[in-house]
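A.B. asks: Below are the chains, spelled out letter by letter.
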Amino acid sequence: MRLFKDASYDFLNNRKRAYVFSALLLLVGIFFLTVHHGLSYGVDFTGGTLMQVKFGKATDVAQVRSAISGLRGGESQIQQLGQSDTYVIRLPVFQSDQQRDVGDELRSALASTFGQDGYTVERTEAVGPKVGNELQRKAIEAILIAFGLTLVYLAFRFEWRFGVAAIIATGHDILITFGFISMFNVDITLATVAAVLTIVGYSLNDTIIVFDRMRENFKGKRKEQYVDTLNRSINETLPRTVLTSGTTLATLFALFIFGGEVIRPFALVLILGIGIGTFSSIFVASPALLEIENWLQRREAAA
Amino acid sequence: MLSTIKGRLVVIGALLLLCVWALVPKTGPDGNEVSPINLGLDLQGGMHLAVEVADSSGAMTEQQKADAIDRTLTTIRNRINQFGVREPTIQKAGDQRIIVELAGIENPERAKEIVEKTAFLEFTIVKGSDELRRALPRMDRAIVDSLGPQSVGAPELGGAQGQAGQGRQKGLNEILGGGDTTAGGSDSAAAGSDTAAGGGADTSAADQGGSLRPLSALLLESGAPGEFLVAEQDVPTVRKYLGLPGVNDALPRNTRLAWGADPVGEGGNSFLPLYVLDQQPLVTGDQLADAGPATRDPTYNEPVVPFTMTRQGARMLQRGTSRHVGDQMAILLDGKVQSAPVIKQTLSRRAQIEMGTGSSLQEAQDLALILRAGALPVPIRIVEETTVGPSLGADSIAKGKLAFAIGIVLVVLIMIVYYRVAGFMAVGALCFYVLLVLGGLAGLNATLTLPGIAGLILSVGMAVDANVLIFERVREELGMDKTARTAVEAGFQHAMSAIVDSNLTTLITAAILFQFGTGAIKGFAVTLSIGIIASFFTAVFVTRTLFMVYLEKHRSGEPVSI
Numbered sequence: 001m002r003l004f005k006d007a008s009y010d011f012l013n014n015r016k017r018a019y020v021f022s023a024l025l026l027l028v029g030i031f032f033l034t035v036h037h038g039l040s041y042g043v044d045f046t047g048g049t050l051m052q053v054k055f056g057k058a059t060d061v062a063q064v065r066s067a068i069s070g071l072r073g074g075e076s077q078i079q080q081l082g083q084s085d086t087y088v089i090r091l092p093v094f095q096s097d098q099q100r101d102v103g104d105e106l107r108s109a110l111a112s113t114f115g116q117d118g119y120t121v122e123r124t125e126a127v128g129p130k131v132g133n134e135l136q137r138k139a140i141e142a143i144l145i146a147f148g149l150t151l152v153y154l155a156f157r158f159e160w161r162f163g164v165a166a167i168i169a170t171g172h173d174i175l176i177t178f179g180f181i182s183m184f185n186v187d188i189t190l191a192t193v194a195a196v197l198t199i200v201g202y203s204l205n206d207t208i209i210v211f212d213r214m215r216e217n218f219k220g221k222r223k224e225q226y227v228d229t230l231n232r233s234i235n236e237t238l239p240r241t242v243l244t245s246g247t248t249l250a251t252l253f254a255l256f257i258f259g260g261e262v263i264r265p266f267a268l269v270l271i272l273g274i275g276i277g278t279f280s281s282i283f284v285a286s287p288a289l290l291e292i293e294n295w296l297q298r299r300e301a302a303a
Numbered sequence: 001m002l003s004t005i006k007g008r009l010v011v012i013g014a015l016l017l018l019c020v021w022a023l024v025p026k027t028g029p030d031g032n033e034v035s036p037i038n039l040g041l042d043l044q045g046g047m048h049l050a051v052e053v054a055d056s057s058g059a060m061t062e063q064q065k066a067d068a069i070d071r072t073l074t075t076i077r078n079r080i081n082q083f084g085v086r087e088p089t090i091q092k093a094g095d096q097r098i099i100v101e102l103a104g105i106e107n108p109e110r111a112k113e114i115v116e117k118t119a120f121l122e123f124t125i126v127k128g129s130d131e132l133r134r135a136l137p138r139m140d141r142a143i144v145d146s147l148g149p150q151s152v153g154a155p156e157l158g159g160a161q162g163q164a165g166q167g168r169q170k171g172l173n174e175i176l177g178g179g180d181t182t183a184g185g186s187d188s189a190a191a192g193s194d195t196a197a198g199g200g201a202d203t204s205a206a207d208q209g210g211s212l213r214p215l216s217a218l219l220l221e222s223g224a225p226g227e228f229l230v231a232e233q234d235v236p237t238v239r240k241y242l243g244l245p246g247v248n249d250a251l252p253r254n255t256r257l258a259w260g261a262d263p264v265g266e267g268g269n270s271f272l273p274l275y276v277l278d279q280q281p282l283v284t285g286d287q288l289a290d291a292g293p294a295t296r297d298p299t300y301n302e303p304v305v306p307f308t309m310t311r312q313g314a315r316m317l318q319r320g321t322s323r324h325v326g327d328q329m330a331i332l333l334d335g336k337v338q339s340a341p342v343i344k345q346t347l348s349r350r351a352q353i354e355m356g357t358g359s360s361l362q363e364a365q366d367l368a369l370i371l372r373a374g375a376l377p378v379p380i381r382i383v384e385e386t387t388v389g390p391s392l393g394a395d396s397i398a399k400g401k402l403a404f405a406i407g408i409v410l411v412v413l414i415m416i417v418y419y420r421v422a423g424f425m426a427v428g429a430l431c432f433y434v435l436l437v438l439g440g441l442a443g444l445n446a447t448l449t450l451p452g453i454a455g456l457i458l459s460v461g462m463a464v465d466a467n468v469l470i471f472e473r474v475r476e477e478l479g480m481d482k483t484a485r486t487a488v489e490a491g492f493q494h495a496m497s498a499i500v501d502s503n504l505t506t507l508i509t510a511a512i513l514f515q516f517g518t519g520a521i522k523g524f525a526v527t528l529s530i531g532i533i534a535s536f537f538t539a540v541f542v543t544r545t546l547f548m549v550y551l552e553k554h555r556s557g558e559p560v561s562i
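Here the protein sequences come in this chain order: S and Y.
If you read the first sequence in the working numbering, its first letter stands for residue 1, the second for the next number, and so on.
If you read the second sequence in the working numbering, its first letter stands for residue 1, the second for the next number, and so on.
Rather than coming from a laboratory, the hints here were simulated on the basis of the structure.
Glycine is no exception: its CB is placed at the ideal position from the N, C-alpha and C atoms.
Watch out, some of these pointers could steer you wrong.
Which stretches of chain Y does chain S cover? Using the computed rule of at least three CB atoms under 8 Å from a CB of chain S, they are [stated by the list, open to error]:
{"hint": "1", "segment": "383-390"}
{"hint": "2", "segment": "403-411"}
{"hint": "3", "segment": "452-464"}
{"hint": "4", "segment": "470-477"}
{"hint": "5", "segment": "506-515"}
A few chain Y residues that face chain S, going by a derived Cβ cut-off under 10 Å, partial list only [to be verified]:
{"hint": "6", "residue": "Met47"}
{"hint": "7", "residue": "Ser396"}
{"hint": "8", "residue": "Ala446"}
{"hint": "9", "residue": "Phe524"}
Excised from the complex, chain S in its bound form (with noise of 0.2 Å):
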């Protein structure tokens, strides 16, 4: 089997259209993290306390608030894990705050309502302040070095306006992926950090094969337009493109419908931003150069 066997699609002069579907999502992402409900973090970065609970039999949202409604400390939210008996309450509370353990308050006043045995702890996680302050301020810094890393690497093996173009596709990545996690309401925590990050590394390993194929299509003795070039070399790594992310995503998939609650969130981070770094090195990081080589092409000119 073959696929996209000497494509020769034109995806540069059809640019305008992909700037359109790109700002589109660029303008959904912004407007669900601004105006919309923005981010929420997770304890590991806020500082509070996460206790997930498992009930054993049907139990309603309203039932799980109403029995933990007499803590002190702040506003609980309470999520019930897709369709089961199993919900995740959260308090924006650390138990040294006040000298007193949020822990066991929960575990009395839900002890109260549904007796002893009606409910197990699955997990608990506890986070003071100062450790969440530490882990936002390390996560920025770690996309920051990541992105300042690579950054180095491309300008070091490729020539500079690669790199800004491949910062380019990836800075939208990210901002579109940061959208999607505010659309499905995905908490950031580590884990969240650890999918962008790896969206990250995924989009710019993608762009890095087109860029290289352009590279290489550069050194050759063909007589034609730099855009062409870039047609070209798109089109011939198409079918690479194509069928990585495929399996990547069928992975991934996998990972969605079968490894369970937990790892949802994370897995439906990775698909989203998988899906976005794959258009973008077709759509963003490749036309980003030809604009860079237009603008350096009228400077030139003009001078």
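Start from chain S and add chain Y according to the hints.
C.D. replies: Only chain Y this time, still in chain S's reference frame:
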């Protein structure tokens, strides 16, 4: 060796054997079968704690904190060893933090207590009530000065308040009744004189124009010398007052106050004792030689923890108590008075801590353990805590395995349908890849976490990327009418730069993740890195070898199936 097919096959075979050997389940020292791959806490269940020195006053230097952390580390290790957890991880993270990871523990709350409790033990003489009573007007004034008259409540006549207090106190004496074992027979006489003295203090305070008595209005005489009672609902207020600037300075020299560990009284009338103590303890817990076993006191049905002092500690205790026969001695644990028995005779080596009837024998046993292991040099506080129940972990593993299997099947199908024979080679390489990654995880003693499983599954999808790059290239070369052999050769050669670049950039990301991540995320970074290296190796070495074998078998000019 690497140029001949035979040599290559030997290398591959040897690596395979090494991985299989690393993955054979081993038997641990206790006869249990140990999983060849370390599972993270999120997979096997357990507790993760991060603790730091609690420097509430902010007076410690960085150096002092670092020293304290080193000593705390040793103490926590001792405690956990005695607690009996299989393969605990107790290590420093940076200069100021300790990470404690306990896998598969049944009762995380108990383990937390054992790590967290300072267990600083003190034996201190209880002073007479007069000491505090004389200081009360000054303390009241300091509170009013500090908070302003409005915020300490409406002004009331001292006398009226005093009477109300006395009324409450009578009721209290009835409540406590014969249960008060500490003060003995002098109870009533002492109480009588106390009341008189209290009244005197009131008047003098009122004379000085300070009709506001925020603190003394809330303190009730318990009848025992040196012991006051505060109604439970007033405890937070009194705590706040005592923490105000200048209030502590108003205490008489060489005196301090300490709260009791447990409230006294019944029903709605519950009171927390407040003791007047010597500033300096007679002896502290570092002179403890041994503690336990915890038992239940037959008379009062409360758990007690007996302990023995060291030789030196016994001498200090003897010297101290011999001068105070008939007085009370408070036994404090972490600044709270556990009990304050009357010294009937000189004490030396043996004594016990009473835990109060509300405590369980289990708690007493844990306290004995902590005391044996030693007190923490400074109080600590938990800054991060994660627990995962064993069932959730097992569930995650089962689901992870399923997703992994399905993911692989999907990739295998795609590759075979798309590339035919070459697809089979890729699948062979993929199987090798999975073995290599798992063997690598086992061999490098890396820890598999839930995000790690996700990383593994993701890397299967990405692992075929190198193969795809090569195969596509080979197809292109074949399209240029090259022979199979040269096409394969050229395909591998030309795909190399793209493979190297893309793998290196992903490796950079993984390295950063490893650097910044904690626990689970580190696991993700490690599996991702091992995955990238393994996929690079399988694609450029294993697939190539398979191609060489294939071409060897199809020497003549037949087309290559790709």
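A.B. asks: Checking against the hints above, which ones are violated?
C.D. replies: When the structure is compared with the hints, only number 8 turns out to be violated.
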